[in-house]
Amino acid sequence: MKKTFVLLFAIWNVSAYAATEVRLATHSSFDLPKEHIAAFEKQHDAKIVILKSGDGNELLNKLIISKKSPIADAVYGLDNANVSRAHQENLLAAKQPESAATVVKLPHALAVNYAFVNLNYDKKWFADKKIPLPKSLADLTKPEYKNLVVSPNPNTSTPAMAFLLANIGGLGEENAFKWWADMRQNGIKITKGWSEAYYTEFTLNGGSRPIMVGYASSPAAEVFYSEGKLSTPNMGNLFLQGGNYRQIEGAAVLQGAKQPELAAKLVQYLQNPSVQKDIPTSMWVYPAVKGVMLPPAMLHANVPPTHFSPQDERVHRQQKAWAARWTKVVLK
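Heads up: the sequence shown runs through residues -18 to -1, 1 to 314, numbered per mature numbering (1 follows the signal peptide of the UniProt record, and there is no 0).
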């Protein structure tokens, strides 16, 4: 009996002093150096549990499905195309922590980073084939570009949805969907997410598609990860009318969080200057907080001269219908 009591007391004593878990739901591209995670855990006697949930719209769908019993305390990876839906679905806590001063804003959440979605291309492939680069989205519907383009699905991928919004904003709704219908006829390849497009289908990684929907900062990542082998990227950016979009991502406390106070501190921590400084070379996006210096590698990341998107309210009102129409036009 005495041994049992001692054992139970020991178990209670360990659990009483165990670090409190705070769960962060993210998209699959979330990545931060381990020292930032460790620093937060040490400061707050906490344990961060990161729940990667696919691409951005997959993440949103999982949060919606589980909102009666939230899978996390906070979320990172909602963006300016889907955060309003998250708010409408009552996924986000009514009161969010105070934000740092940022260069971009996001409703209902704290802006953490931003990036530009556009078309990337394989420089060497085009040089070897002696095929001229397209000068417009319309060029991509011509026979010489048949079976050359890959894009993620906007129903599951936030960069793909951002690209669709750029099309609608820059070409107009009817012309945008006509372009997609023409691209279907011209052999565009659709993948579930950005990772499949880049690592499997893109020619730089052994695939057959030399043009893909990606990010303007991807060439910088290519040079950085070459570890000195490259001084200039093999990947380039195509900044075409109706093909550029500024994506803003953020973090927020979830409604029904088990650890709301700790979740609020974690959301604010993602705006910490030390974290923001490493965001460019961790996730290849721009830091949202004002005054953060960019690393040298980002010199290879170009910014499009213009970017197009419908107004936020229109996106909130029409996005579901646009996604359904895209599916009908491109996949069915």
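Check before you lean on any hint, since a few could be wrong.
Think about it this way: if two alpha-carbon atoms lie no more than 25 angstroms apart in a straight line, the pair counts; the simulated DSS-like pairs of lysine-lysine are [said to hold, decoys possible]:
#1 Lys87 to Lys106
#2 Lys259 to Lys16
#3 Lys240 to Lys34
#4 Lys314 to Lys77
#5 Lys16 to Lys247
#6 Lys272 to Lys87
#7 Lys128 to Lys117
#8 Lys174 to Lys302
#9 Lys259 to Lys174
#10 Lys29 to Lys171
#11 Lys44 to Lys247
#12 Lys302 to Lys34
#13 Lys171 to Lys302
#14 Lys44 to Lys34
#15 Lys87 to Lys247
#16 Lys44 to Lys259
#17 Lys259 to Lys272
#18 Lys124 to Lys259
#19 Lys34 to Lys174
#20 Lys112 to Lys160
#21 Lys105 to Lys87
#22 Lys49 to Lys247
#23 Lys272 to Lys16
#24 Lys171 to Lys24
#25 Lys49 to Lys310
#26 Lys272 to Lys44
#27 Lys106 to Lys211
#28 Lys106 to Lys124
#29 Lys160 to Lys128
#30 Lys111 to Lys49
#31 Lys44 to Lys174
Don't read these hints as lab results, they were simulated from the structure.
All figures in this text were calculated on a predicted structure; none of them were measured in a lab.
Checklist entry - Within a Cα-Cα threshold of 25 angstroms, do Lys44 and Lys174 meet the stated pairing? => result Cα-Cα ~16 angstroms, so holds.
Next on the checklist: Next pair to validate is Lys272 with Lys16; report whether the Cα-Cα distance is within 25 angstroms.
Outcome noted: 24 angstroms, holds
Next on the checklist: Tell me if the straight-line CA distance from Lys44 to Lys259 falls inside 25 angstroms.
Outcome noted: 30 angstroms, violated
Item to check | Pair hint Lys49 and Lys247, alpha-carbon separation not exceeding 25 angstroms | outcome: 21 angstroms, holds
Checklist entry - Given the hinted pair Lys124 and Lys259, is their alpha-carbon gap at most 25 angstroms? => result 43 angstroms, violated
Checklist entry - Are Lys259 and Lys272 close enough, with their CA atoms no more than 25 angstroms apart? => result With Cα atoms ~11 angstroms apart, Lys259 and Lys272 stay inside 25 angstroms; holds.
Item to check | Satisfaction of hint between Lys174 and Lys259, Cα-Cα up to 25 angstroms | outcome: Violated. Lys259 to Lys174 sits at ~30 angstroms, over the 25 angstroms cutoff.
Item to check | Pair hint outcome, Lys16 versus Lys247 [Cα-Cα no greater than 25 angstroms] | outcome: Measuring from Cα to Cα gives roughly 18 angstroms; hence the hint holds.
Checklist entry - Within 25 angstroms, alpha carbon to alpha carbon, are Lys44 and Lys247? => result 23 angstroms, holds
Item to check | Satisfaction of hint between Lys174 and Lys34, Cα-Cα up to 25 angstroms | outcome: It holds: about 16 angstroms lies between the C-alpha atoms, which stays within 25 angstroms.
Next on the checklist: For Lys240 and Lys34, compute the direct alpha-carbon distance and say whether it is at most 25 angstroms.
Outcome noted: Holds, because 18 angstroms separates the two Cα atoms, which is no more than 25 angstroms.
Next on the checklist: What's the verdict on Lys171 and Lys24, does the C-alpha distance respect the 25 angstroms limit or exceed it?
Outcome noted: With a Cα-Cα distance of about 46 angstroms, the restraint between Lys171 and Lys24 is violated, given a limit of 25 angstroms.
In terms of the numbered hints stated before, the structure departs from hints 1, 4, 9, 10, 16, 18, 20, 21, 24, 25, 26 and 30, listed from lowest to highest.
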